[in-house]
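Could you build all of it, start to finish, from the sequences and the hints given here?
For the protein sequence lines, the chains are R and Z, in the order given.
Residue 243 in my numbering sits at position 243 of the first sequence, with consecutive numbering throughout.
Residue 60 in my numbering sits at position 60 of the second sequence, with consecutive numbering throughout.
Everything hinted at is true.
Label pairs and their calculated CB-CB ranges:
id, chain 1, residue 1, chain 2, residue 2, range
1, R, D270, Z, R17, 25 to 31 Å
2, Z, R17, R, S479, 57 to 63 Å
3, R, M300, Z, A149, 28 to 34 Å
4, Z, L41, R, H267, 38 to 44 Å
Since the hints were made in silico from the structure, they are not lab data.
Don't be surprised by glycine CBs; every beta carbon is placed ideally from N, CA and C.
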Amino acid sequence: MGSAQELVWEWGSWRAYAVPLNPLSGSIQNAHLVLFDDVTPGATHKPRDLLSADPLLSVLVAEARRSTQEGARLLPAPRNAWAGLVYVPVLHGEPYPLAPVRSVLCRPSMQLVVPASDALRLDVAPRTLAAWLRGGLDSGEGLVVLAANSERDLSKVLSWAGRAARSPRPPRPQGEAAARAKVLGVGALAAFGLAGAAWVERKIAGARARDTSGLTSFEPPGADAVSGLAALLLEELAPRPRESLVRKARGRRGRGQPLAVVEEWIHAVDDPSRELAGLFAPFELAVIARKRFSLDLHDMDDGREMATRILSELGFGRQLAQLGLAGAISQVGLLQDRLSAGGMDPREAAALGPTLEQVAKCLLGFHLRLAFRSDRSLDSLYKTHLAPLATNGQAKAPSCRSLGELAHALDEFHRWRTEGPERRARERHADIYAGRVMDRATLSELARMRNALAHHREEGEQPAQIAPRFLSAAAEWLSHLRDEREGARLFPALVSIEKVEATHTGLLGHGRDDEGREETIRTQQPLLVGSTWYMLPRSNPVRVRPVLVRAG
Amino acid sequence: MKNVLDQLASTLPRVGRRSLRGFRQSVVALLLNSVLFLASLLWFVPLLEADEDVAVGMAMIGFFVHPILAVGLGITGLLAARGAGAGAATLVEAFWPPSRWVSNLLVASLTAALVGLGAILLVLPGLLVLARLSFAIYYANNLALSPLAAMRESWRLTRGSTALVVFLTLLSLGLLFGGLLFYVVGVVPVVAFLVVAWGALFDVLREDQAKDATGSVRPD
Numbered sequence: 001m002g003s004a005q006e007l008v009w010e011w012g013s014w015r016a017y018a019v020p021l022n023p024l025s026g027s028i029q030n031a032h033l034v035l036f037d038d039v040t041p042g043a044t045h046k047p048r049d050l051l052s053a054d055p056l057l058s059v060l061v062a063e064a065r066r067s068t069q070e071g072a073r074l075l076p077a078p079r080n081a082w083a084g085l086v087y088v089p090v091l092h093g094e095p096y097p098l099a100p101v102r103s104v105l106c107r108p109s110m111q112l113v114v115p116a117s118d119a120l121r122l123d124v125a126p127r128t129l130a131a132w133l134r135g136g137l138d139s140g141e142g143l144v145v146l147a148a149n150s151e152r153d154l155s156k157v158l159s160w161a162g163r164a165a166r167s168p169r170p171p172r173p174q175g176e177a178a179a180r181a182k183v184l185g186v187g188a189l190a191a192f193g194l195a196g197a198a199w200v201e202r203k204i205a206g207a208r209a210r211d212t213s214g215l216t217s218f219e220p221p222g223a224d225a226v227s228g229l230a231a232l233l234l235e236e237l238a239p240r241p242r243e244s245l246v247r248k249a250r251g252r253r254g255r256g257q258p259l260a261v262v263e264e265w266i267h268a269v270d271d272p273s274r275e276l277a278g279l280f281a282p283f284e285l286a287v288i289a290r291k292r293f294s295l296d297l298h299d300m301d302d303g304r305e306m307a308t309r310i311l312s313e314l315g316f317g318r319q320l321a322q323l324g325l326a327g328a329i330s331q332v333g334l335l336q337d338r339l340s341a342g343g344m345d346p347r348e349a350a351a352l353g354p355t356l357e358q359v360a361k362c363l364l365g366f367h368l369r370l371a372f373r374s375d376r377s378l379d380s381l382y383k384t385h386l387a388p389l390a391t392n393g394q395a396k397a398p399s400c401r402s403l404g405e406l407a408h409a410l411d412e413f414h415r416w417r418t419e420g421p422e423r424r425a426r427e428r429h430a431d432i433y434a435g436r437v438m439d440r441a442t443l444s445e446l447a448r449m450r451n452a453l454a455h456h457r458e459e460g461e462q463p464a465q466i467a468p469r470f471l472s473a474a475a476e477w478l479s480h481l482r483d484e485r486e487g488a489r490l491f492p493a494l495v496s497i498e499k500v501e502a503t504h505t506g507l508l509g510h511g512r513d514d515e516g517r518e519e520t521i522r523t524q525q526p527l528l529v530g531s532t533w534y535m536l537p538r539s540n541p542v543r544v545r546p547v548l549v550r551a552g
Numbered sequence: 001m002k003n004v005l006d007q008l009a010s011t012l013p014r015v016g017r018r019s020l021r022g023f024r025q026s027v028v029a030l031l032l033n034s035v036l037f038l039a040s041l042l043w044f045v046p047l048l049e050a051d052e053d054v055a056v057g058m059a060m061i062g063f064f065v066h067p068i069l070a071v072g073l074g075i076t077g078l079l080a081a082r083g084a085g086a087g088a089a090t091l092v093e094a095f096w097p098p099s100r101w102v103s104n105l106l107v108a109s110l111t112a113a114l115v116g117l118g119a120i121l122l123v124l125p126g127l128l129v130l131a132r133l134s135f136a137i138y139y140a141n142n143l144a145l146s147p148l149a150a151m152r153e154s155w156r157l158t159r160g161s162t163a164l165v166v167f168l169t170l171l172s173l174g175l176l177f178g179g180l181l182f183y184v185v186g187v188v189p190v191v192a193f194l195v196v197a198w199g200a201l202f203d204v205l206r207e208d209q210a211k212d213a214t215g216s217v218r219p220d
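See the structure below:
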């Protein structure tokens, strides 16, 4: 599929191909950027069938598929405007629900735009793309591309698009400074009065507080399962239950951005499905499922079961997606570039948080599996740290593990390396990693800075000061995981197996690592096409019996 | 009459299915909360023989606590009907925060006053008011409406189903009486089941109301 177009952009498993709208006379203005992923081994994507639901998309896909390699190569990069396609993956043999995407994006009146100069920086993280989407919705002109190659990515982008569609920020008036000062003054006075009234109402009259500030400004961005649920609650609940929930989430502190405090509340509750089922009647859950996820739950009336299905769509309880280090490092680089160029709000640097969490989870998971060589170990360390990362039957998502908790988990793991009771497992780990220590202090510091960015308060350090330090600390921390100077990499390469041959000496697997390098592996391990493995390579070009740990 | 029968045929299976499932899933919490609630009624027994001052004091305390426990039991039933796993703590959730307590007290007091007023006139108006305001506690707690708005919404919800709700109220009273006849303790499982059933009825009526308003609860 991808061979017919020109690859112009790549980030992790995301790919962008430029294709002409009309292959015979593809001018700059008519160029299209098609984003999709076709690198998954054994992928069963059927975009033609999938996209046939929308005539416009069908035409564009057909054009893209017909374009020749030569035609694509002749295509100059679009500079002034670009258009694109929505590509969604196949989930369990069924096309991923397209309706929400289409309803948000593909109506002619809601075409989206991002500047081509930004679009073609060729180094764009999905989250940044999502931010562009929001900007595109606000600007209301031109076209935009939305792409997702995983449920998680899709829910992220949908979440952003949904928020932007529901709460478009009005264009800022071009007022004079004096007028603005006046407005600010009156606003401050009014806010003071309202705050006083709210305090009296809460503390004395016991009436409901109406502090809904920030209900429409969902910043800083967060698009993991927990923030997706928080956004869903804030958007779908009626105003009064929403106020009630926010007040409950704020607790005694009585302050905090609604999205942030509701996220914290979700982290604290034992079972989000129970809370979701309690907040909505079953028929309301069915409407939400239909509207947001194209799920038809109208035949069901068990609120808990429906809530579980919705949470599953949001990413709760899903198997931890394995992450290669290269993707995380490139995301940091991109954010650093954008921050130094003034192209983003410093608070958006907190968007790196979920990536760091995922890296830390994968890191911990790899080392525990390496040591214990089993997914069914009964030892306490495994049960405490690895099982919550690895199982998909948990009420909460793996993503519910915060960065701070993960830093603590790594601390515990480090203590186990010297004092743990499982001597054989410790020795197995020490055979490879003796003397190598993870930098937990920096991770703790990252957690602190990420919280400072995400839950910014006026009296503290300003985001503009924290963000550069946060990003450089993240880059440093990620780099030390890849460092091979003092021994094996702490975070190994993630290899995806694309082809396996049986030879008289064992299996010969061909795959690609997370940095795009082709790998050939000789091993006795049961490699399967499509499986992913963490690999600690030995110093030979054809990896003969490398250390392989199954990812996921 | 035919209309009532149609409503019964449409509503009862849904309510019954959800009630049975909710009762089965949360049976321990429901029975425990029912026992606690019914035991709280014992607070009023000594009033019959107490001094006047003591009786007034005890009645006042009972007035501030007992209706809220009733609301807590109702919320337990609603959560159980939704499969949201009600717990024993749900019984006292209606007490906190204080604003919620006040709101629940107002709902319960106003409802009781109106029911009492209706009952003074004749029994039937009291029954009618009781039936039509019986969902106010759900609105006040689950949808966080103010007491008056909750009562108004409850009244509105039962507008087209008055006969049905009155019938179910009578049925519930009959079941309670039957439970009492069963060595008194029989009332515990009856109360536990009835709170789930009324919670389920609340959701079913709201679902029907939404269908009537939009023609379908489906967004598209």
